[in-house]
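Peer 1: Each chain is listed here by its residues.
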Amino acid sequence: MTKSRPSEVFPERLREAREKIRKLSQEALANRAGLQASAISHFESGTRKPSFDNLRRLADALEVSTDYLLGRIDEISGAATSDQLNRDYDRMSQEDRDLADEIFGILKKRSRQRTSER
Amino acid sequence: MPFDESSVENAIAEAEQFIKDRKITALPIDPVRIAKDLEIEVVAKPASSKGVSGMLLRYGDDYAIAYATHIDSDGFQRFSIAHELGHYLLPGHIDHLLPAGKNIHESRGGFVSTDPYELSADYFAAGLLMPNPLFSQAMWNSGEGLAAVESLAGLCRTSLTATAIRYVQCIHTVVAMVMSAGTRIDYCFMSDALKEVPGLTWIRKGDALVKTTATYRFNQNEQRVIQADRTEAASTIQDWFGGRRNLEMTEEVVGLGRYGKTLTILCLVGDPEEEDDDNDENVEESWTPRFRR
Chain F
45 MTKSRPSEVF PERLREAREK IRKLSQEALA NRAGLQASAI SHFESGTRKP SFDNLRRLAD
105 ALEVSTDYLL GRIDEISGAA TSDQLNRDYD RMSQEDRDLA DEIFGILKKR SRQRTSER
Chain C
-7 MPFDESSVEN AIAEAEQFIK DRKITALPID PVRIAKDLEI EVVAKPASSK GVSGMLLRYG
53 DDYAIAYATH IDSDGFQRFS IAHELGHYLL PGHIDHLLPA GKNIHESRGG FVSTDPYELS
113 ADYFAAGLLM PNPLFSQAMW NSGEGLAAVE SLAGLCRTSL TATAIRYVQC IHTVVAMVMS
173 AGTRIDYCFM SDALKEVPGL TWIRKGDALV KTTATYRFNQ NEQRVIQADR TEAASTIQDW
233 FGGRRNLEMT EEVVGLGRYG KTLTILCLVG DPEEEDDDND ENVEESWTPR FRR
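Going down the list, the sequences are from chains F and C.
Just so you know, we're using the working numbering here: the first sequence kicks off at 45 and counts up by one.
Just so you know, we're using the working numbering here: the second sequence kicks off at -7 and counts up by one.
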């Protein structure tokens, strides 16, 4: 990807997933994601940036991964996220790094469990 | 694209709308419950671990919040969790959290950051834990000044500092909160009514405390700060903000313990319009209408 900011990549990924992959109207996606139809329009035009919560709801409704919507992977499903971690440790203490690693381990396990259940 | 400067106000509005949408109608707000409802794992850092006050972590579609417990304050810990919820729920924070492929975000401060994303997460946290209309309704039954701040802090399970800032934001009378350490002022929040008093000089970070104030005298004894002692005295608006009127204010001072800082609540005594009766007519005309909004 040449674009670096997640919010710049997101609009075209969202439109692609909605129109080409899932063939949904903006309204249908909004209903599935529990959002207003106007929000989808604003997201796709780039006039409104999503929150992480928005991303998660949209990814779930579209059955794609958050990483796909962020342009971090090109496959629509999310098993590839384990290779995408690129944490910034510069300002953190060793204790905080260790704790973050531990939590990532828990999240990773949960992510794999969910993927295997699909 | 530059960050929207109105995001601080938007952050409070987003938090209050979130509370409204979830039909939460009573204080205190439970940020851990909210996080769990959002399927965000919440992890307490060990009390022995200092470092960052909070972290938001993402792994694919899974999220976690870790919060510091080395500061033994329920209010501080709840605020740290609510701050990270702000990063999760506020529009546009994805660019802050993931500017170059990061999947972890760490927070350190509270209300003093100059980073607009951190500041908006602080204000989101304040709006989430002390949302209107619930907070303003509670203010009606909480008395005035420091007593009100302490009552509201107990009700909302928030720190005195965060509650004092929110109190000053929401009150319609002439009130200020001042945070100080030693002989210097850290920061000051003024109510809208105070900001409208003409001719005042706004306090800046690092300004010296006026030596005639009770706060200055209180801070001379470090033990009083550490032992969370308190005092109160009569003060004037001129002592703190200059201006042409010598309006009387109450000055309530409390030490914040090991935090090493002092919180001062300043409240105007009586009705400012009555005070104006003693002043010259021309000045009165320029002053009075502003308090009749």
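It is worth saying that the hints were derived from the structure and are not from the lab.
All of these numbers come straight from a predicted model, not from anything done at the bench.
Heads up, some of the hints might be wrong.
BS3-like cross-link-like pairs, simulated, lysine-lysine; straight-line CA separation at most 27 Å [as the list claims (entries may be wrong)]:
no. : chain 1 : residue 1 : chain 2 : residue 2
1   : C       : Lys203    : C       : Lys187
2   : C       : Lys15     : C       : Lys28
3   : C       : Lys42     : F       : Lys152
4   : C       : Lys253    : C       : Lys197
5   : C       : Lys42     : C       : Lys28
6   : C       : Lys253    : C       : Lys187
7   : C       : Lys28     : F       : Lys152
8   : C       : Lys197    : C       : Lys187
9   : C       : Lys28     : F       : Lys153
Peer 1: Against this structure, judge whether each hint is valid.
Peer 2: Verification of the hints:
1. C:Lys203 - C:Lys187: Given pair lysine 203 of chain C, lysine 187 of chain C holds - Cα atoms ~23 Å apart, limit 27 Å.
2. C:Lys15 - C:Lys28: holds (16 Å)
3. C:Lys42 - F:Lys152: holds (25 Å)
4. C:Lys253 - C:Lys197: Roughly 14 Å separates the two Cα atoms, so the pair holds.
5. C:Lys42 - C:Lys28: holds (24 Å)
6. C:Lys253 - C:Lys187: holds (24 Å)
7. C:Lys28 - F:Lys152: holds (18 Å)
8. C:Lys197 - C:Lys187: holds (17 Å)
9. C:Lys28 - F:Lys153: holds (18 Å)
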